[in-house]
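The primary structure of each chain is shown beneath.
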Amino acid sequence: MLQKPRSRGRPSSQAERDWGRRAAEEAPSTSRGAGSSQEARSTASQGARRAEASPEVGPRSPQQLELKVAELVQFLLIKDQKKIPIKRTDILKHVIGDYKDIFPDLLKLAAERLEYVFGYKLVELEPKSNTYILINTLEPVEEDAEVRGDQGTPTTGLLMIVLGLIFMKGNTIKETEVWDFLRRLGVYPTKKHLVFGDPKKLITEEFVRQRYLEYRRIPHTDPVDYELQWGPRTNLETSKMKVLKFVARVHNQDPKDWPAQYCEALADEEARARPETGGPAPSS
Amino acid sequence: MEEGRAERRRRTEALSHPQGGTRRAGVMTDVHRRFLQLLMTHGVLEEWDVRRLQKHCYRVHDRTGAVEELEDFINNINSVLESLYIEIKKGATEDDGRPVYALVNLATTSVSKMASDFAENELDLFRKALELIIDSDTGFASSTNILNLVDQLKGKKMRKKEAEQVLQKFVQNKWLIEKEGEFTLHSRAILEMEQYIRETYPDAVKICNICHSLLIQGQSCETCGIRMHLPCVAKYFQPSLEPRCPHCNDYWPHEIPEVFDPEKEREAGPSKVSKRSLRSRQH
Numbered sequence: 001m002l003q004k005p006r007s008r009g010r011p012s013s014q015a016e017r018d019w020g021r022r023a024a025e026e027a028p029s030t031s032r033g034a035g036s037s038q039e040a041r042s043t044a045s046q047g048a049r050r051a052e053a054s055p056e057v058g059p060r061s062p063q064q065l066e067l068k069v070a071e072l073v074q075f076l077l078i079k080d081q082k083k084i085p086i087k088r089t090d091i092l093k094h095v096i097g098d099y100k101d102i103f104p105d106l107l108k109l110a111a112e113r114l115e116y117v118f119g120y121k122l123v124e125l126e127p128k129s130n131t132y133i134l135i136n137t138l139e140p141v142e143e144d145a146e147v148r149g150d151q152g153t154p155t156t157g158l159l160m161i162v163l164g165l166i167f168m169k170g171n172t173i174k175e176t177e178v179w180d181f182l183r184r185l186g187v188y189p190t191k192k193h194l195v196f197g198d199p200k201k202l203i204t205e206e207f208v209r210q211r212y213l214e215y216r217r218i219p220h221t222d223p224v225d226y227e228l229q230w231g232p233r234t235n236l237e238t239s240k241m242k243v244l245k246f247v248a249r250v251h252n253q254d255p256k257d258w259p260a261q262y263c264e265a266l267a268d269e270e271a272r273a274r275p276e277t278g279g280p281a282p283s284s
Numbered sequence: 001m002e003e004g005r006a007e008r009r010r011r012t013e014a015l016s017h018p019q020g021g022t023r024r025a026g027v028m029t030d031v032h033r034r035f036l037q038l039l040m041t042h043g044v045l046e047e048w049d050v051r052r053l054q055k056h057c058y059r060v061h062d063r064t065g066a067v068e069e070l071e072d073f074i075n076n077i078n079s080v081l082e083s084l085y086i087e088i089k090k091g092a093t094e095d096d097g098r099p100v101y102a103l104v105n106l107a108t109t110s111v112s113k114m115a116s117d118f119a120e121n122e123l124d125l126f127r128k129a130l131e132l133i134i135d136s137d138t139g140f141a142s143s144t145n146i147l148n149l150v151d152q153l154k155g156k157k158m159r160k161k162e163a164e165q166v167l168q169k170f171v172q173n174k175w176l177i178e179k180e181g182e183f184t185l186h187s188r189a190i191l192e193m194e195q196y197i198r199e200t201y202p203d204a205v206k207i208c209n210i211c212h213s214l215l216i217q218g219q220s221c222e223t224c225g226i227r228m229h230l231p232c233v234a235k236y237f238q239p240s241l242e243p244r245c246p247h248c249n250d251y252w253p254h255e256i257p258e259v260f261d262p263e264k265e266r267e268a269g270p271s272k273v274s275k276r277s278l279r280s281r282q283h
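For the protein sequence lines, the chains are A and B, in the order given. Going by full-length UniProt numbering, the first sequence opens with residue 1, and the numbers climb by one from there. Going by full-length UniProt numbering, the second sequence opens with residue 1, and the numbers climb by one from there.
Careful, some of the hints might be misleading.
Cut-off 25 angstroms, straight-line C-alpha distance, at most; resulting in silico cross-link-like pairs (DSS-like, lysine-lysine) [said to hold, decoys possible]:
#  : chain 1 : residue 1 : chain 2 : residue 2
1  : A       : K93       : B       : K154
2  : B       : K169      : A       : K82
3  : A       : K245      : A       : K169
4  : B       : K179      : B       : K161
5  : A       : K82       : B       : K156
6  : A       : K93       : B       : K156
7  : A       : K192      : B       : K157
8  : A       : K169      : A       : K201
9  : A       : K83       : B       : K169
10 : A       : K83       : A       : K108
11 : B       : K174      : A       : K83
12 : A       : K242      : A       : K82
13 : B       : K157      : B       : K55
14 : A       : K121      : A       : K93
15 : B       : K235      : A       : K201
16 : B       : K156      : B       : K169
17 : A       : K192      : A       : K174
18 : B       : K157      : B       : K169
19 : B       : K174      : A       : K82
20 : A       : K256      : A       : K245
21 : B       : K206      : B       : K179
To be clear, the hints were calculated from the coordinates, so they are not data collected in a lab.
Hey, can you work out the whole structure from these sequences and the hints?
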């Protein structure tokens, strides 16, 4: 019943035990610092699966490459859980290290595995931004909530409302208008909310950090006012049509009841249907 | 050492055909993908909930298909995960032998999954607690003893009050279990870190005489010192009237626990089961 010990990925030498201990003592990350290349040279001759080779040692074995892709996949999965876009510099620093020369290939292979195995697509947040997010190719289903281990994102409801507001008001809205609306739902910027906690922080900081929203100060306003727009992640994860349908459902109406927005959403759908030139491969 | 593009391409092409060894990798469908995605939201999941999750994924993507036997379903996914150095590992809770599953990392031996959720000093606190637990005879470390090590932690200075809260965070995230002011490892930690623990503490680590896996809590023979997990004791002594140590044949002095029976659990009533499912959802 219990797992029999597997030989794969189980280094037995003292050197690798030390590495394991040292890696545990290093700062939290899946990083392999400069120190590891020394370890690699002493263990490379044993052909151990986890050994890393610096370029001087020679061509890297298929196992080493496979392991690198595996580390990259895990890194991307863990980082994306926080919903913070993943910077290329972090990937290079914490995972790629000495394998910098084949970074594009590693990233491409990691993206393929992520999509085939987990159903996540690796995309660049904006062209040339060198930051990435994972998009779910599987549609979320209501019953998922019953079998999840986390709360999913209960804040999604609030996010959808704000996204809807922004779109219906012509793709930009003043922060004061947002609160005027949310007050009617019992959500206040200054009052702690049972589900959302600190709604002001959620909308103006959390959602912005996750790139769902953009939050910009409007110049020459007194008192200071800010405007909210869709962020780059929103356009990747959802669409104007989806948001319009959400708004329509909330009002128990049909999307076509808002002709201007419906036209805009249709145009957006057509633009999306055209073959895309972008992809998970990094720009350079 | 400059290498041509062709050379680079040839080397990385090797990767697109994963080294699955002798086992042919299975095929992933959306059923498996949704299962994996949702399984990942749990640190560890009991078998009953895993079956429920599996059925849910079939309902979403493949209503007409027959639900594959769980063991085969998981083996199929594991054959695909092999090239990514992760696997869905099956274990059992040390106190009552419930089967549990977790998605674990086979490659790194450091506490990497924890690393993304905790600061450096928090991770060090966990390491200190881990060492105390492994060195202990009972598999438990007292809160007092752990907190006394707060001054030795790496990273930002942590006060004892803060450390108490961090320990509670470990409990909420299912890395530790607390019982009457003492802490031991959650089955999640054992599944994820067994390899790391065995390699890092080879002398202090205890092994079960029956299943040969890592042992944190268990019973031991007072004569020869061998140890066994409580569920392993239950299974081993189930048929016998006079329990004797498998190693030295001396009379086994401890109470023999009952073997975990999922059917009996179900009979206890739906309220008990759903309470557990809710608990497992806490973070």
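Verification of the hints:
1. K93(A) to K154(B): holds, 22 angstroms
2. K169(B) to K82(A): holds, 17 angstroms
3. K245(A) to K169(A): holds, 15 angstroms
4. K179(B) to K161(B): Distance of about 19 angstroms is within 25 angstroms: holds.
5. K82(A) to K156(B): Holds. K82(A) to K156(B) sits at ~23 angstroms (cutoff 25 angstroms).
6. K93(A) to K156(B): holds, 23 angstroms
7. K192(A) to K157(B): Between K192(A) and K157(B) the Cα gap is close to 31 angstroms, so the pair fails against 25 angstroms, i.e. violated.
8. K169(A) to K201(A): holds, 22 angstroms
9. K83(A) to K169(B): holds, 21 angstroms
10. K83(A) to K108(A): Holds. K83(A) to K108(A) sits at ~21 angstroms (cutoff 25 angstroms).
11. K174(B) to K83(A): Holds, at about 22 angstroms.
12. K242(A) to K82(A): Holds, because 24 angstroms separates the two Cα atoms, which is no more than 25 angstroms.
13. K157(B) to K55(B): Between K157(B) and K55(B) the Cα gap is close to 47 angstroms, so the pair fails against 25 angstroms, i.e. violated.
14. K121(A) to K93(A): Cα-Cα ~22 angstroms, so holds.
15. K235(B) to K201(A): Status violated; Cα separation ~53 angstroms.
16. K156(B) to K169(B): holds, 17 angstroms
17. K192(A) to K174(A): holds, 22 angstroms
18. K157(B) to K169(B): Between K157(B) and K169(B) the Cα gap is close to 18 angstroms, so the pair holds against 25 angstroms.
19. K174(B) to K82(A): holds, 18 angstroms
20. K256(A) to K245(A): Roughly 9 angstroms between the alpha carbons, so the hint for K256(A) and K245(A) holds.
21. K206(B) to K179(B): Within the cut-off at roughly 21 angstroms; holds.
The structure does not agree with the numbered hints 7, 13 and 15 stated previously, though it agrees with the rest.
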